[in-house]
Amino acid sequence: MRIANPIVSVPGAMKALLDLSEAAGRTGIDGDYVELICLRVSIMNGCGTCIDYHTKLLRKANVADEKIFAVAGWRDVPYYSDAEKAGFALAEQITRVHVTDDVWAEAAKHYTEEQLAGLVIAIGAINLWNRMNVATGQKVA
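My numbering puts the first residue of the sequence shown at 11, with every later residue one more than the last.
Calculated from the structure, these hints are not laboratory results.
Please note that the accuracy of each hint is not assured.
[To be verified] Subject to a maximum C-alpha distance of 25 Å in a straight line, what follows is the list of computed BS3-like cross-link-like pairs (lysine-lysine): (1) K66 / K149; (2) K119 / K77; (3) K70 / K95; (4) K66 / K77; (5) K66 / K25; (6) K25 / K70; (7) K77 / K95; (8) K25 / K149; (9) K70 / K149; (10) K119 / K95; (11) K95 / K66.
Turn these sequences into a full structure, and let the hints guide you.
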């Protein structure tokens, strides 16, 4: 570990990020699905701490193992709905900082404006968590 995680070192940062995630969760998006998105983004970003954390949360919530284990290959398995696939595509493009109009339009077919806003916030928040953990060398406990 390079330094203590900034989220716990800077007064108020943890509460702010938790409040942001909580607000995203009040938009009507299924919480288990948001955890799957967090897992997918964490895999993309190579954040072992968050991969471990979100996998454990999903297992505790009794999400089907197939959905958890196949999240990195979501395009190639039958376990996800069209809405879930649209959200994964959006999450990947937001993480890569390049969202195409066709991916946005597909997501907009499945989610309300408020839910899209919640997805964008949730995806942004997990990217922040991942980047802090990776930058500071956080390890799975």
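Structure-based check of each hint:
no., hint, result
1, K66 / K149, "15 Å, holds"
2, K119 / K77, "22 Å, holds"
3, K70 / K95, "23 Å, holds"
4, K66 / K77, "13 Å, holds"
5, K66 / K25, "22 Å, holds"
6, K25 / K70, "24 Å, holds"
7, K77 / K95, "12 Å, holds"
8, K25 / K149, "22 Å, holds"
9, K70 / K149, "21 Å, holds"
10, K119 / K95, "12 Å, holds"
11, K95 / K66, "22 Å, holds"
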